[in-house]
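K.L.:
Work out the full structure, taking the sequences as your base and the hints as a guide.
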Amino acid sequence: NAGVTQTPKFQVLKTGQSMTLQCAQDMNHEYMSWYRQDPGMGLRLIHYSVGAGITDQGEVPNGYNVSRSTTEDFPLRLLSAAPSQTSVYFCASSYSLPGAGYGYTFGSGTRLTVV
Amino acid sequence: TQLLEQSPQFLSIQEGENLTVYCNSSSVFSSLQWYRQEPGEGPVLLVTVVTGGEVKKLKRLTFQFGDARKDSSLHITAAQTGDTGLYLCAGAGSGNTGKLIFGQGTTLQVKP
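Residue numbers (the numbering used here), protein chains in the order written: chain A, 1 to 115; chain B, 1001 to 1112.
One or more of the hints may lead you astray.
Beta-carbon label-pair distances, calculated as ranges [to be verified]:
1. A:M41 <-> B:Q1109: 30 to 36 Å
2. B:G1053 <-> A:D73: 38 to 44 Å
3. A:M41 <-> B:E1041: 14 to 20 Å
4. B:T1051 <-> A:P39: 31 to 37 Å
5. B:N1096 <-> A:T7: 28 to 34 Å
These aren't lab readings, by the way, just hints derived from the structure by calculation.
We put the CB at the ideal spot given by N, CA and C, even for glycine.
P.N.:
Here it is in structure tokens:
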């Protein structure tokens, strides 16, 4: 079982460049999210989706775009990279069961450095 | 804005000791989750608690959801070196959005 697959694992960008972080899940989960993790700040929600064609902003959406054309894929686009976007990015997917909450599965992360 | 305060941020103990990590908020959550994360990896779900006052056990780990669903705790009995890692709590708000708000995390080091 692949679970949640993120690519690339590492990336170095120059300021102003754009790129897309890929995320795919094979569990038919309806919910998908993107987080960034910075030292001492836990995980902060960038964008999330409750199903194909539906996305919304999280806590720190500026500088990022998402789309969800299929249940499986949820790419994150950096429009014009800035050093402040140096971080570790995690994609996650979840089911939702009435009375049982959510069960998020995380990818292994993309370590992004913007110079 | 919903916030989750986790304490302590760092904990260094000897193998065999007990410990408790706290997760507190002024907001009510529909469910709360605990994750464990190892260096270079994504968080791994340990447990989800949904009902106020709920207690769940996972071997030596005991998770409790506060009666008012605003706080939670993770208690580890007789810690082992394999328990070393970053522990994160995360709360889900009302509504079926799938959004999780994470605490800052507790870094646990268990020394042999």
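K.L.:
Decide, hint by hint, whether the structure agrees.
P.N.:
Verification of the hints:
Range check, M41 (chain A) to Q1109 (chain B): Cβ separation about 20 Å, and the 30 to 36 Å hint is violated. Our hint of 38 to 44 Å for G1053 (chain B) and D73 (chain A) holds, since their Cβ atoms are close to 40 Å apart. Checked against the hint of 14 to 20 Å, the C-beta distance between M41 (chain A) and E1041 (chain B) comes to roughly 18 Å, which is consistent with it. A hinted range of 31 to 37 Å holds for the C-beta pair T1051 (chain B) and P39 (chain A), which are about 34 Å apart.
The supplied range of 28 to 34 Å is met by N1096 (chain B) and T7 (chain A), whose beta-carbon atoms lie about 29 Å from each other.
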